[in-house]
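**Student:** Sequences and hints are given; from them, build the entire structure.
Chains A and B supply the protein sequences, listed in that same order.
Residues in the first sequence are numbered from 1 upward in steps of one, following my numbering.
Residues in the second sequence are numbered from 1 upward in steps of one, following my numbering.
No lab work stands behind these hints: they were computed from the structure.
Where hints are given, some of them may not hold.
Now the stretches of chain A that chain B is said to cover, found in silico as 3 or more residues with beta-carbon under 8 Å [to be verified]:
#, stretch
1, 210-224
2, 239-247
As a list, the in silico DMTMM-like pairs of lysine to aspartate or glutamate whose alpha-carbon atoms are at most 20 Å apart [claimed, not checked]:
#, chain 1, residue 1, chain 2, residue 2
3, B, LYS100, B, ASP45
4, B, LYS29, A, GLU236
5, B, LYS29, A, GLU240
The beta-carbon is built from N, C-alpha and C at its ideal position, and this holds for glycine as well.
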Amino acid sequence: MDKIDRLGWAEGITFVSYGVPVGVRVNREGMLEQFAERFPPGWKPSRARAVERLYSLIIGGVGARPGLRRFNILYGNTQKLLRTLDMDEFLTVFESDVKLHVAAGARRRIFIHAGVVGWSGQAILMPGRSFSGKTTLVAELIRAGATYYSDEYAVLDREGLVHPYPRPLSVRENGRHTKHAPEMFGGKAGKTPLRVGLVIASSYKPGARWRPQPLSPAEGALALIENAVSIQRQPETVIEVLRRALPGATILKGTRGEATEVVDYVRRKLA
Amino acid sequence: MVLPPLALAGERENLMKNMPNEFKPRARKDGLVVRELADELLVYDRERNQAHSLNETAALIWKHCDGNSTIAQLRSLLETEAGASIDEQVVWYALRKFTKSSLLEEPFKASAGERRVSRRELIQTIGLAASVPLVATIIAPNVSAAASCTQSCSSPVNCTVPGCPVCPNGGPTCAAS
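**Tutor:** Next comes the structure, spelled out in structure tokens:
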């Protein structure tokens with residue numbers, strides 16, 4: 001860390017999100033504001049002197065000679081996370097990592113990698129990793145009248161209620177992430193915590209027909225545990241929260257093709 | 001069942017222990033987080049970072065694996081619950097599942113010559129009397145495995161973000177696998 005400390009830092013901040021303190025420092029003045037837009041929801045500046053995770057952001061930019069560009073380098077503590085000339089990619093990877101760190105360290109909430117919408121006063125959870133089509137499904141449900149809660153993490157409290165994770169939807173287009181407010185899809189963001197009404201554990205396969213199989217609460221819990229960020233760190237908490245969240249919920253598993261087919265199914269199921 | 005006459009005392013004891021009818025299974029307790037969900041069980045194994053779901057029948061058998069009950073007694077318990085006659089194979093099947101999932105203190109070993117029944121055969125045997133004991137298992141992800149992969153890639157060398165180490169078929173973004 002000493003070696004990185006000596007690089008020379010222009011500005012920095014310590015903030016707290018979901019009770020997790022994080023430090024960020026940048027080697028160029030005036031850049032911090034741009035990165036603050038990528039901090040996790042609900043962050044607040046903090047006076048904490050010790051953090052578990054310190055991000056060191058080295059902005060490369062134009063080099064000394066014409067035509068020469070320097071790499072942007074991202075460190076998470078002492079680990080080099082990224083070296084790139086692409087500032088969009090730099091911002092995206094930073095955002096993803098800091099959000100994951102907060103998700104893993106949060107004590108009063110559990111984070112499950114999932115898309116979430118509100119429908120008729122209940123939450124629909126769509127657990128899944130990258131490329132499972134969560135955002136597509138969330139966007140399609142918003143178009144159909146759902147309220148937006150998250151396209152990345154389902155945030156559950158100790159009672160099993162699902163809270164909004166208020167970030168814009170991150171839509172992948174040609175390998176790049178574009179941010180869209182839920183209003184772009186004709187919807188709005190939810191504000192109140194909801195009970196889990198439906199869990200859709202689906203994987204995307206082009207041309208597949210949506211013929212879901214019902215899962216029992218324990219089987220459904222496994223589908224969520226598979227995507228729970230802090231399961232290894234705090235299994236008792238995660239399992240207890242799921243025990244409270246799942247009874248009464250419908251849990252479905254299957255392969256899906258187009259998102260519209262699932263949306264039609266949800267409409268019929270929750271009508 | 002007659003034991004070989006020349007078996008030494010220790011061997012004889014082992015043979016007795018491993019014979020399905022004499023085996024008294026004991027459910028593992030250490031390193032497990034166990035919660036009931038309706039009639040089912042959710043079990044998290046801290047040592048292996050695995051999560052298991054046990055359906056109603058499996059949960060009933062596992063909860064009664066106290067190290068004192070024989071397989072015949074476990075079967076009798078199932079029969080009482082189901083209100084019908086149940087084949088001992090159902091208990092054996094469950095014990096094999098528990099062994100595979102490391103949910104017993106000592107693994108259950110089938111006796112020589114015993115034919116393993118499949119789930120399909122078991123369903124035919126049980127009929128509607130009870131459900132087949134099921135244990136579903138997943139490996140719990142570590143933090144980086146739950147990451148959303150966002151880094152672009154042109155070759156795997158570029159994929160440096162933990163949890164997203166590969167370029168899938170020349171895809172634009174690094175992925176978990």
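**Student:** Keeping to a limit of 20 Å between CA atoms, is the pair of B:LYS100 and B:ASP45 held or broken?
**Tutor:** Given that 20 Å is the threshold and the Cα spacing comes to 13 Å, the pair holds.
**Student:** Holds or violated: B:LYS29 and A:GLU240, Cα atoms, limit 20 Å.
**Tutor:** holds (18 Å)
**Student:** Please work out if B:LYS29 and A:GLU236 have their alpha carbons no farther apart than 20 Å.
**Tutor:** holds (14 Å)
**Student:** How does the stretch 210-224 of chain A fare against chain B when you require at least three residues with a CB closer than 8 Å, holds or violated?
**Tutor:** holds (count 6)
**Student:** Please verify the coverage claim for the stretch 239-247 of chain A: does it have three or more residues whose C-beta sits within 8 Å of some C-beta in chain B?
**Tutor:** holds (count 6)
In summary, the structure agrees with every hint in the numbered list given earlier.
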